[in-house]
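Chains as they are written, first to last, in the working numbering: chain C, 1 to 361; chain W, 362 to 722.
Calculated from the structure, these hints are not laboratory results.
All values reported here derive from a predicted model rather than from experimental measurement.
It is possible that part of the hints are untrue.
Stated by the list, open to error - If you want the ones that stay clear, here's a sample from chain W, every Cβ over 12 Å from chain C, calculated:
no. : residue
1   : ARG493
2   : ALA498
3   : LEU519
4   : ARG526
5   : PRO587
6   : VAL619
7   : SER623
8   : ASP630
9   : ARG649
10  : ILE669
To be verified - What follows is a list of derived Cβ distance ranges for each label pair:
no. : chain 1 : residue 1 : chain 2 : residue 2 : range
11  : C       : THR360    : W       : GLY485    : 50 to 60 Å
12  : W       : ALA397    : C       : SER54     : 39 to 49 Å
13  : W       : ASP660    : C       : GLY18     : 33 to 43 Å
Unchecked claim - Result set (SDA-like, lysine to any residue): computed pairs, CA atoms no more than 20 Å apart in a straight line:
no. : chain 1 : residue 1 : chain 2 : residue 2
14  : W       : LYS392    : C       : LYS31
15  : C       : LYS31     : W       : GLU675
16  : W       : LYS392    : C       : ASP171
17  : W       : LYS392    : C       : THR172
18  : C       : LYS31     : W       : GLY417
Yeah, the Cβ is synthetic: ideal placement off N, Cα and C, and Gly gets one too.
Number of protein chains: 2
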Amino acid sequence: MSTPDLATTSLDLPAIRGRVDVVLSAFLEEKAREAAADSHPAVVTAFLRNFLFSGGKRLRPLLCVIGWHAAGGHGIPAPTVRVAASLEMFHAFALIHDDLMDDSATRRGRPAVHRAFADRHRTGRSGASADRLGRSAAILIGDVALVWSDELLHTAGLRPGRLARVLPLIDTMRTEVMYGQCLDLLATGRPTANTAHALAIARCKTAKYTVERPLHIGAALAGAGPAFRALLSDYALPLGDAFQLRDDLLGVYGDPAVTGKSRLDDLRDGKHTTLVALALERADRAQRRVLRTLLGNPDLDERGAGRIRRLLAETGAHATVEQLIQSRCAQAEQALDHDAFPAAARTVLRGLAREAAVRTA
Amino acid sequence: MSTPDLATTSLDLPAIRGRVDVVLSAFLEEKAREAAADSHPAVVTAFLRNFLFSGGKRLRPLLCVIGWHAAGGHGIPAPTVRVAASLEMFHAFALIHDDLMDDSATRRGRPAVHRAFADRHRTGRSGASADRLGRSAAILIGDVALVWSDELLHTAGLRPGRLARVLPLIDTMRTEVMYGQCLDLLATGRPTANTAHALAIARCKTAKYTVERPLHIGAALAGAGPAFRALLSDYALPLGDAFQLRDDLLGVYGDPAVTGKSRLDDLRDGKHTTLVALALERADRAQRRVLRTLLGNPDLDERGAGRIRRLLAETGAHATVEQLIQSRCAQAEQALDHDAFPAAARTVLRGLAREAAVRTA
Numbered sequence: 001m002s003t004p005d006l007a008t009t010s011l012d013l014p015a016i017r018g019r020v021d022v023v024l025s026a027f028l029e030e031k032a033r034e035a036a037a038d039s040h041p042a043v044v045t046a047f048l049r050n051f052l053f054s055g056g057k058r059l060r061p062l063l064c065v066i067g068w069h070a071a072g073g074h075g076i077p078a079p080t081v082r083v084a085a086s087l088e089m090f091h092a093f094a095l096i097h098d099d100l101m102d103d104s105a106t107r108r109g110r111p112a113v114h115r116a117f118a119d120r121h122r123t124g125r126s127g128a129s130a131d132r133l134g135r136s137a138a139i140l141i142g143d144v145a146l147v148w149s150d151e152l153l154h155t156a157g158l159r160p161g162r163l164a165r166v167l168p169l170i171d172t173m174r175t176e177v178m179y180g181q182c183l184d185l186l187a188t189g190r191p192t193a194n195t196a197h198a199l200a201i202a203r204c205k206t207a208k209y210t211v212e213r214p215l216h217i218g219a220a221l222a223g224a225g226p227a228f229r230a231l232l233s234d235y236a237l238p239l240g241d242a243f244q245l246r247d248d249l250l251g252v253y254g255d256p257a258v259t260g261k262s263r264l265d266d267l268r269d270g271k272h273t274t275l276v277a278l279a280l281e282r283a284d285r286a287q288r289r290v291l292r293t294l295l296g297n298p299d300l301d302e303r304g305a306g307r308i309r310r311l312l313a314e315t316g317a318h319a320t321v322e323q324l325i326q327s328r329c330a331q332a333e334q335a336l337d338h339d340a341f342p343a344a345a346r347t348v349l350r351g352l353a354r355e356a357a358v359r360t361a
Numbered sequence: 362m363s364t365p366d367l368a369t370t371s372l373d374l375p376a377i378r379g380r381v382d383v384v385l386s387a388f389l390e391e392k393a394r395e396a397a398a399d400s401h402p403a404v405v406t407a408f409l410r411n412f413l414f415s416g417g418k419r420l421r422p423l424l425c426v427i428g429w430h431a432a433g434g435h436g437i438p439a440p441t442v443r444v445a446a447s448l449e450m451f452h453a454f455a456l457i458h459d460d461l462m463d464d465s466a467t468r469r470g471r472p473a474v475h476r477a478f479a480d481r482h483r484t485g486r487s488g489a490s491a492d493r494l495g496r497s498a499a500i501l502i503g504d505v506a507l508v509w510s511d512e513l514l515h516t517a518g519l520r521p522g523r524l525a526r527v528l529p530l531i532d533t534m535r536t537e538v539m540y541g542q543c544l545d546l547l548a549t550g551r552p553t554a555n556t557a558h559a560l561a562i563a564r565c566k567t568a569k570y571t572v573e574r575p576l577h578i579g580a581a582l583a584g585a586g587p588a589f590r591a592l593l594s595d596y597a598l599p600l601g602d603a604f605q606l607r608d609d610l611l612g613v614y615g616d617p618a619v620t621g622k623s624r625l626d627d628l629r630d631g632k633h634t635t636l637v638a639l640a641l642e643r644a645d646r647a648q649r650r651v652l653r654t655l656l657g658n659p660d661l662d663e664r665g666a667g668r669i670r671r672l673l674a675e676t677g678a679h680a681t682v683e684q685l686i687q688s689r690c691a692q693a694e695q696a697l698d699h700d701a702f703p704a705a706a707r708t709v710l711r712g713l714a715r716e717a718a719v720r721t722a
């Protein structure tokens with residue numbers, strides 16, 4: 001075995017994850033101290049800490065650091081780590097509001113923020129009033145995470161000119177994910193056979209937000225321009241599509257003990273996923289009638305979900321989504337065969353593509 | 362009449378309001394064009410436009426521009442106007458989420474965003490499902506307004522070093538208002554006789570957010586440091602307190618046709634305002650029992666509200682709040698007697714203090 005060179009060791013993913021977590025933890029500790037000094041409620045920092053440290057793959061921060069490295073950045077300087085951490089704080093905002101909009105009961109195996117907050121404040125309140133308080137608190141705690149993701153970014157220690165170069169990418173990423181969520185929201189409850197629309201939602205809501213923009217932001221920190229960012233997109237967009245397609249499958253077939261999420265919610269909500277669109281497209285009249293009755297039914301139980309899963313198999317929708325994931329991941333891997341990418345970046349990006357193809361959580 | 366000098370004409374408040382609105386309108390038009398080009402839903406920009414242009418005093422943008430001028434800024438350059446506009450976009454976010462948390466039916470005389478969105482999407486949905494969609498959309502549209510307030514700021518055309526100097530003030534303002542909202546939320550439904558706590562909520566949620574920080578941000582754009590900002594605070598904080606105290610009165614006594622808001626909501630929600638805290642503090646046992654029964658009752662009608670208003674008068678709470686407003690406004694005016702302030706700034710700030718004392722909307 002050869003001696004590891006600097007480029008390889010600098011992409012030690014668990015070590016990067018560790019450094020991101022140190023930044024997040026120290027930031028929240030400082031915020032908790034300030035809150036105590038100003039007589040502000042401690043509950044905001046406490047809930048954000050619980051949320052951030054109950055799990056999460058830290059995928060966006062990792063991709064940000066990999067993007068930095070891919071574009072020729074040396075080592076992993078503190079400002080890059082802090083920008084990466086700001087993406088995780090933004091993601092906490094997105095998940096807290098998403099869980100509220102979907103009324104998800106759990107996240108990362110624990111009660112979602114709106115549920116946990118309501119449960120902690122039931123004493124002396126009616127059930128409805130505690131639930132309403134929980135929903136309001138989740139709106140606010142999500143808002144705080146968004147505002148603090150900005151603060152992490154602003155205090156990253158970037159030179160002003162460097163910060164000014166990254167801000168447009170941050171703004172674009174945020175607008176894209178909001179529109180993706182909006183498309184998702186408008187389509188939920190009334191899924192159709194329109195596969196192209198389901199793929200467009202996934203592109204906007206996940207592929208760009210989760211993979212492409214974090215890589216772009218990291219690359220921009222290292223000075224990369226539009227041409228290099230386009231090379232990263234050739235990898236990021238098919239991989240991001242695959243990531244969402246896998247998420248769609250896990251939302252129906254995943255093991256809640258592993259994913260930390262219900263496997264009934266997407267079906268109960270009537271999410272317009274590629275999986276469901278394909279099934280509706282290929283179903284015969286009788287199958288379509290059954291799907292239409294069951295999808296979006298808030299009282300759907302495991303038995304009904306079992307019927308949907310059989311139809312997803314019978315129509316070939318499940319198998320097709322698996323094939324789409326494999327081909328998208330292969331496409332992402334191919335995009336890495338380019339001299340512009342340093343070997344270490346290529347290695348970890350290839351690993352992420354393979355992991356995305358088969359992940360179970 | 363003397364010839365108006367430049368300093369006076371540059372603080373023509375209606376003209377500043379007009380320029381802020383032109384920026385907001387052009388920004389949303391550009392966003393609508395981009396959305397159309399990217400097949401994103403048009404509903405987001407449409408709702409934000411409706412919200413922003415259905416009213417609003419533009420108080421925060423005005424104070425930002427006045428702060429710029431007070432600190433010696435010349436004219437009203439485009440970047441200053443755009444930063445001012447970003448404060449109004451942030452305020453749209455705050456109000457949209459606030460209305461959702463309070464479940465307010467109307468804002469600026471029109472249905473609140475969550476209600477309007479639900480009403481527009483009832484076809485083919487159950488009532489509960491349309492209401493849920495409306496709530497989710499209001500979360501998202503508010504989030505978009507927050508993200509776009511950032512984008513307005515980032516694209517204001519400030520030199521990077523100048524932007525870097527303003528960002529910490531923006532971050533502080535946002536954290537403060539979030540904590541203020543959080544304090545408000547936790548106190549709502551269980552008002553007490555704790556007047557100090559009610560005043561602390563008002564300080565955090567309104568005085569700093571609405572008056573102090575906009576002035577500070579404008580002043581920082583003109584290069585002002587902490588010492589000058591402290592002079593502005595001497596004016597801003599008492600005025601901001603008065604502003605919230607007036608809001609508390611309007612929430613109970615205001616004419617909905619003028620305020621655009623219900624005058625039952627605060628009472629039904631059981632808001633912990635200074636007005637209510639004073640009444641609870643001074644009530645005898647029988648009066649307190651009646652107040653405790655009526656405040657926070659979601660089914661409170663005009664008759665019950667009338668009983669509360671009588672008790673607010675009998676306990677002297679109403680009169681005391683009026684006195685507090687007058688003394689706070691006088692204190693704000695006195696703080697203007699300082700050589701550091703240019704005459705034009707002093708004149709408009711004095712006008713705002715007098716207006717705040719007697720406003721009806």
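*Can you name, in rising order, the numbers of the hints this structure does not satisfy?*
Violated hints: 1, 2, 3, 4, 8, 11, 13, 14, 15, 18; rest satisfied.
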